[in-house]
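Student: Could you build the full structure based on these sequences and the hints that come with them?
Residues 4 to 506 (my numbering) make up the sequence shown, in order.
Keep in mind that the hints were calculated from the coordinates and are not lab data. Be aware that a few hints might be false.
[What the hints assert, rightly or not] Restricting the straight-line Cα-Cα distance to at most 27 angstroms, the calculated cross-link-like pairs of lysine-lysine (DSS-like) are:
1. Lys456 / Lys359
2. Lys500 / Lys456
3. Lys449 / Lys190
4. Lys431 / Lys456
[Unchecked claim] Ranges between beta-carbon positions, derived for each pair:
5. Asp86 / Lys25: 22 to 30 angstroms
6. Glu341 / Asp496: 56 to 64 angstroms
7. Asp86 / Lys378: 44 to 52 angstroms
8. Ala370 / Tyr76: 47 to 55 angstroms
9. Ile200 / Gly143: 48 to 56 angstroms
10. Ser133 / Ser246: 25 to 33 angstroms
Heads up, the beta-carbon is just placed ideally off N, CA and C, and yes, glycines get one too.
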Amino acid sequence: MNYDDLSPLFTMLNETQIEVLKNGYDILLSNIKLDYQSDISVDNTILVVGENELANDFINKTKDKFNITQKPYIEQYGGIIGDFISIVEDEEIHTAQIVFFIKIELDSRILDKTTQLGIHFVNSYENIDSMAKEIENLIGDFTYENTILFDENKCQYHHRDKTANSYCSECESVCPTFAITKDDKAKELRFSNIDCIFCGKCVGICPSGAMQKANAPLIEITKAAQNYQDKIPLILSKQDIESFIDSNIDIKDSSVTPFVLPNINMLNEVYFISILQTTSTQCILYGNIESNLKDSIDFINDLYERICNKKAIYLHNEIKSYKNLEIENLPKYHYIAESNEFNREIFKERVKFLIKDNDYGNLANRASIKYTDLKIDSDNCTLCMSCVESCNTKALINSKDNFELLLNPSLCTACRLCVDICPESIIKMPLDGIRLNNTFFTYNTKAKDEPFKCVECGKIFASTKSIKKVQNLMFPVFKNDEIKQKSILCCGDCKVKIMFRTN
Numbered sequence: 004m005n006y007d008d009l010s011p012l013f014t015m016l017n018e019t020q021i022e023v024l025k026n027g028y029d030i031l032l033s034n035i036k037l038d039y040q041s042d043i044s045v046d047n048t049i050l051v052v053g054e055n056e057l058a059n060d061f062i063n064k065t066k067d068k069f070n071i072t073q074k075p076y077i078e079q080y081g082g083i084i085g086d087f088i089s090i091v092e093d094e095e096i097h098t099a100q101i102v103f104f105i106k107i108e109l110d111s112r113i114l115d116k117t118t119q120l121g122i123h124f125v126n127s128y129e130n131i132d133s134m135a136k137e138i139e140n141l142i143g144d145f146t147y148e149n150t151i152l153f154d155e156n157k158c159q160y161h162h163r164d165k166t167a168n169s170y171c172s173e174c175e176s177v178c179p180t181f182a183i184t185k186d187d188k189a190k191e192l193r194f195s196n197i198d199c200i201f202c203g204k205c206v207g208i209c210p211s212g213a214m215q216k217a218n219a220p221l222i223e224i225t226k227a228a229q230n231y232q233d234k235i236p237l238i239l240s241k242q243d244i245e246s247f248i249d250s251n252i253d254i255k256d257s258s259v260t261p262f263v264l265p266n267i268n269m270l271n272e273v274y275f276i277s278i279l280q281t282t283s284t285q286c287i288l289y290g291n292i293e294s295n296l297k298d299s300i301d302f303i304n305d306l307y308e309r310i311c312n313k314k315a316i317y318l319h320n321e322i323k324s325y326k327n328l329e330i331e332n333l334p335k336y337h338y339i340a341e342s343n344e345f346n347r348e349i350f351k352e353r354v355k356f357l358i359k360d361n362d363y364g365n366l367a368n369r370a371s372i373k374y375t376d377l378k379i380d381s382d383n384c385t386l387c388m389s390c391v392e393s394c395n396t397k398a399l400i401n402s403k404d405n406f407e408l409l410l411n412p413s414l415c416t417a418c419r420l421c422v423d424i425c426p427e428s429i430i431k432m433p434l435d436g437i438r439l440n441n442t443f444f445t446y447n448t449k450a451k452d453e454p455f456k457c458v459e460c461g462k463i464f465a466s467t468k469s470i471k472k473v474q475n476l477m478f479p480v481f482k483n484d485e486i487k488q489k490s491i492l493c494c495g496d497c498k499v500k501i502m503f504r505t506n
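Tutor: Structure below.
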C-alpha cells in the first residue's frame, strides 16, 4: 500500500499508533474499484454566446486556436466539460466549452456555486487574453475520480413524484459546485464527478444513505474503525494533515490515534454512532466543522449524555491535554450494516441497542436532522395504501396478515410525500424528534379495518372502509342498475363474470 498521504503523520506517532493508522487506511484503499477513475477528452470546440464587439474581438484573436461556433443567445445548456449541449431555436449545439459575453438570468442558488468547469463568463476575467489562456489550459486528456456512489433506490428524490414538489434534493442544495444538479421534470439527479471537490456535504446531508463516498462508504469506515478499539480516534480530513502537524499537538504514546478520512464533513449521526459503538470510546474531530456536521455532533452528544451520562464527540480545541486523556468506555456493539440498508435502519438498530427497555425522553431534531411520528386519522383512513406505495424507506407498511397500516417512526425521513399523496388528507407530520423508548423503533398499528369478502365467491379482496367509500359514491350513480351496484362488491374475477353473465 502507498502511505505517502499519511507519512507526514508518522513522526508524531509511535509504532503502535502508526500500525493502527495504516491498518484502517488499508481497508479504505482496498475498497477502491476499477471504475474509481474515469478519463475525459476535451477538444477545442467552444460556443461563444453573444454578438457584441468584445465577443467579436475574442473570436478574431482566438480563431486559430479554437473551433468556434457563435450564437447571439441560447435558451438552455447542460452537460459537463467536453460534452456540453446548448439549445437555441430547437437546434442542439455540441461543444466542449461555452463562453458567455452576455448577461444571463441565474437562479439565486446558482449564484452561490462555484462556476462549472468549462463554463466561462467574460466579466469573471481580467481580460479576454486571460480567459483564452484558461480555456486553452482545459483542452486535452484528463483523469478524474468518480467520487460519489449513488443508489437511486434509496434516494428520496429519484422518480418520487412528477408534480412540482421536490421531495428532498438536499444534496443538490448543499453542493457548492455543479457536481450535482437536478432535473425537476424527470425527477432525476445529474452527476458531474469532474466538478466534484469532495467537500463531503452531499454524503453528510443525505437522510437515506443514497449518497456515499466511493472509497469510504459507511460499511468500510465501520470496518476501519475496528482497528481503533480501545483507542481514541482523532478523525481528520486528508487535506488537514499538514495543518494538524503544524498545530504541534503532542499525541505520541497517548491513547489518541489519527483516523484519516477523505473529508470529515461527509460524516453524520449514522457514521458517528457506528464509529463510537465499534471503538467503544469517545472520538475527537479536527478541522473545519460545517453547520450540518455540527448538527450531527450535537445530536449524538445529546443522545449519549442522556443514555450514558458521557460526552461522545469532542472538537480538538476542547481538549486541554492529549497526553493524559483517558478513555471514556462507551457501550460496544458489533454490527456491520448491509449495503442495501437505509441510514435510518442502521441508526434504529444502533439506538435500540443503547436504550434497551428504558425511556430516556425526547431527543430534539436539528436543522438538518428531522424525525417525526406521523399522525394518521384512523377513523377516516380507508387503507388505500397510497402512503405505503409512496414510502421507499419501509417506515409505512401494510400487514400481510390482516388489513392494518403499520408505522415505524424511526425509519421515516420526514420527506412529506405520504402527507401530500394521501387522498383523504388525514396524515399530519409533526417534527417532534425521537422518543427514546422502544415504541418509536418498532412497528405500531396506525389504522385497521375488517377485510371485505366478495359477495359472489367469498374471497377477501379489499378493506371494508374502502368498499364502503366506493359504494357511497357509486351506488347513487348506478341506482337503476343492480348489476353494476353488485359489481362494486365483487372481486376482479367475479366482476367480469357477472357483467358477462348479464350481457
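Student: All the hints need checking, so say for each whether the structure fits it.
Tutor: How the hints compare with the structure:
1. Distance restraint check for Lys456 and Lys359: the Cα-Cα separation of roughly 42 angstroms exceeds the 27 angstroms cut-off, and the hinted pair is therefore not satisfied.
2. For a cut-off of 27 angstroms, the pair hint linking Lys500 to Lys456 stands: about 16 angstroms separates their Cα positions.
3. Proximity of Lys449 to Lys190 is assessed by CA-CA distance (about 30 angstroms); at most 27 angstroms being required, the pair is judged violated.
4. For the hint linking Lys431 to Lys456, the alpha-carbon distance of about 31 angstroms lies beyond 27 angstroms, and the restraint is violated.
5. A beta carbon spacing of about 40 angstroms between Asp86 and Lys25 contradicts the range 22 to 30 angstroms that was offered as a hint.
6. Checked against the given bound of 56 to 64 angstroms, the beta carbons of Glu341 and Asp496, roughly 39 angstroms apart, lie outside it.
7. Distance hint check for Asp86 and Lys378: the Cβ-Cβ separation is about 48 angstroms, which falls inside the suggested range of 44 to 52 angstroms.
8. For the pair Ala370 and Tyr76, the supplied restraint of 47 to 55 angstroms is violated, since their beta-carbon distance comes to about 40 angstroms.
9. The given range of 48 to 56 angstroms is broken by Ile200 and Gly143, whose C-beta atoms sit roughly 20 angstroms from each other.
10. At about 31 angstroms, the CB distance of Ser133 to Ser246 agrees with the hint of 25 to 33 angstroms.
The structure is inconsistent with the numbered hints 1, 3, 4, 5, 6, 8 and 9, although it conforms to all the rest.
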